[in-house]
Amino acid sequence: MQSQVTIKMAVAEVRVTLKKGVADPEGKNTLKALELLGFEGVRDVRSVKVFEIETEGEAGETKRSVEEMCRKLLANPVIHNYSIRIK
Amino acid sequence: MKVSDARVCVLRIEGTNCEEESYLSFKRLGAKPEKVHLKQLTGTDVTSDEKRSLADYQVLVLPGGFSSGDYVRAGAIFAARIKSRLSRDLEEFVRAGKPVLGICNGFQILVETGLLPAMSGIMTEVPEAVLSTNDSARFECRPTLLKKVNRGSCAFTTKIPSNKISAIPSAHAEGKLTFPVDRSKKIVKELDDNDQLVFKYVNPEGELAGYPWCPNGSTENIAGICNREGNVFGLMPHPERVFFRYTHPDWTRNPDGAGDGRAVFESVLGYVSKKL
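If you read the sequences in order, they're chains A and B. Residue numbering for the first sequence follows numbering that gives the first Met the number 0, starting at 0 and increasing by one per position. Residue numbering for the second sequence follows numbering that gives the first Met the number 0, starting at 0 and increasing by one per position.
What the hints contain is simulated information worked out from the structure, not anything from laboratory work. Check before you lean on any hint, since a few could be wrong.
[What the hints assert, rightly or not] Residues from chain B that face chain A, not an exhaustive set, calculated with beta carbons under 8 Å:
id, residue
1, Val125
2, Thr177
3, Pro179
[Said to hold, decoys possible] Capping the alpha-carbon separation at 27 Å, the derived lysine-lysine pairs in BS3-like fashion look like this:
id, chain 1, residue 1, chain 2, residue 2
4, B, Lys50, B, Lys34
5, A, Lys18, B, Lys184
6, B, Lys185, A, Lys71
7, B, Lys82, A, Lys71
8, A, Lys71, B, Lys38
9, A, Lys48, B, Lys82
10, B, Lys184, A, Lys27
11, A, Lys86, A, Lys48
12, B, Lys82, A, Lys62
13, A, Lys18, B, Lys82
14, B, Lys185, A, Lys18
15, A, Lys19, B, Lys188
16, A, Lys19, B, Lys184
17, B, Lys1, B, Lys158
18, A, Lys19, B, Lys185
19, B, Lys188, A, Lys18
20, B, Lys31, B, Lys82
21, B, Lys158, B, Lys34
22, B, Lys31, B, Lys273
23, B, Lys38, B, Lys26
24, B, Lys274, B, Lys26
[Stated by the list, open to error] Covered by chain B, according to a simulated footprint, are these stretches of chain A (three or more residues, beta-carbon under 8 Å):
id, stretch
25, 25 to 36
26, 69 to 83
Since this is a predicted model, take the numbers as computed values, not measurements. The beta-carbon is built from N, C-alpha and C at its ideal position, and this holds for glycine as well.
All chains should be modelled from the sequences, with the hints used to inform the complete structure.
Right under this line is the structure:
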């Protein structure tokens, strides 16, 4: 018999996007490739990085610590914006 | 202090791959370099024999490579690991005027730790710049020409004459030195006023010529910068790869003598012998 232990867990989704005005060579190259493949009407492609972070603890707590993670590692404020969604 | 007593810490973690050439560049000039793993400085998972203290070294080198697979951003994980455990040691090291050199991935690490450009203070809490993806969105690997624009502050270029063009190879995908878009011009001017600009990518005539002479689209064609005191220096190209003339592309015509990168290591060892 296994005892049931409930651990509070939250999953945070972090989206790291490039700030307006920052060059996005990956996005631009992808756009060009899509055009070469014959897709019409593609106006722009922007590259975005997404991290899913599983944490123990309450949603509010998680949000705060994930904020800190973004500041300390996941985003560079010179070129990045980030948004956090707790799932 | 004598050059033969100068201890050089060539710091590596998983994914560093230019430590051997960097180590040899100092070894060949008579200094005492050592390849040190970050864990030896933090004292984690190592025996007591393997433990090292940053304070025992006179020069710190962050060599090129792809530390931690360049995950998150180039240099970001190495920087985070340094900051988590060695911030204070590193600040003391820099404050003592000891030189720190970051080549390629090492430059990316210095920028991510906030040790460069460091326009005020020693280390900023968050980065003030970034080495972002090359405009070409490709890995650019070829000889590049660098003009020395530093007016004398940088400890790593004192033996290179002003405006001299050095042929030093580049090999990177993220080398575009970028500042916050809205303040970029002002920051570059401040760097220039502080004599923090060191090398710019040029064409054979010595002019700023953009791509392909500048491989990455870097702001104002900047290839390397130093801190205000000139003892922390980072650059994208690899001086350790042209220590000897015979590793230059024209080696069949000019096989003998020093390569253009050698002066960087001679300069810093000259600084150590005079100042430390």
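Here is what the structure says about each hint:
Below 8 Å, beta-carbon pairs count as interface contacts, and B:Val125 has one with chain A at about 6 Å; its hint therefore holds. The interface hint given for B:Thr177 holds, since its Cβ lies 6 Å from the closest Cβ of chain A, which is under the 8 Å cut-off. Using the Cβ-Cβ criterion of 8 Å, the hint placing B:Pro179 at the interface with chain A is satisfied: the shortest such distance is roughly 5 Å. A C-alpha spacing of about 12 Å is found between B:Lys50 and B:Lys34, which places the hinted pair at or below 27 Å, so the restraint holds.
For the suggested pair A:Lys18 and B:Lys184, the alpha carbons sit about 17 Å apart, so the restraint of at most 27 Å is met. Between the alpha carbons of B:Lys185 and A:Lys71 the distance comes to roughly 26 Å, so the proposed pair stays at or under 27 Å and holds. Taking the CA atoms of B:Lys82 and A:Lys71, the gap is near 9 Å; set against the 27 Å cutoff, the hint holds. Among the hinted pairs, A:Lys71 with B:Lys38 is consistent with the structure: their alpha-carbon atoms are about 20 Å apart, no more than 27 Å.
A distance of roughly 23 Å separates the Cα atoms of A:Lys48 and B:Lys82; the hinted pair therefore holds under the 27 Å criterion. For the hint linking B:Lys184 to A:Lys27, the alpha-carbon distance of about 25 Å falls within 27 Å, and the restraint holds. Between A:Lys86 and A:Lys48, the direct Cα distance comes to roughly 17 Å. Compliance with the 27 Å bound is thereby established for this hinted pair. Annotation: proposed proximity of B:Lys82 to A:Lys62 holds, straight-line Cα distance about 22 Å (limit 27 Å).
The straight-line distance between the Cα atoms of A:Lys18 and B:Lys82 is roughly 25 Å, inside the 27 Å bound, and the hint therefore holds. For the hint linking B:Lys185 to A:Lys18, the alpha-carbon distance of about 19 Å falls within 27 Å, and the restraint holds. Restraint check for A:Lys19 and B:Lys188: the C-alpha separation of about 23 Å stays at or below 27 Å, so the hint holds. Among the hinted pairs, A:Lys19 with B:Lys184 is consistent with the structure: their alpha-carbon atoms are about 17 Å apart, no more than 27 Å.
Using a Cα cut-off of 27 Å, the hinted pair B:Lys1 and B:Lys158 holds, with the two alpha carbons roughly 18 Å apart. Only pairs whose Cα atoms come within 27 Å are accepted, and A:Lys19 paired with B:Lys185 is accepted, the gap being roughly 19 Å. Distance hint between B:Lys188 and A:Lys18 is fulfilled; the C-alpha atoms sit about 23 Å from each other, no more than 27 Å. For the hint linking B:Lys31 to B:Lys82, the alpha-carbon distance of about 26 Å falls within 27 Å, and the restraint holds.
Under the criterion of a C-alpha separation no larger than 27 Å, the hint pairing B:Lys158 with B:Lys34 is consistent with the structure, at around 25 Å. Between the alpha carbons of B:Lys31 and B:Lys273 the distance comes to roughly 17 Å, so the proposed pair stays at or under 27 Å and holds. At roughly 23 Å between alpha-carbon atoms, B:Lys38 and B:Lys26 fall within 27 Å of each other, so this suggested pair holds. Distance hint between B:Lys274 and B:Lys26 is fulfilled; the C-alpha atoms sit about 20 Å from each other, no more than 27 Å.
Interface restraint, the stretch 25 to 36 of chain A with chain B: holds (3 residues with C-beta to C-beta distance below 8 Å; minimum three). Note: the stretch 69 to 83 of chain A has 8 residues with beta-carbon separation from chain B under 8 Å; the three-residue rule is met and the coverage holds.
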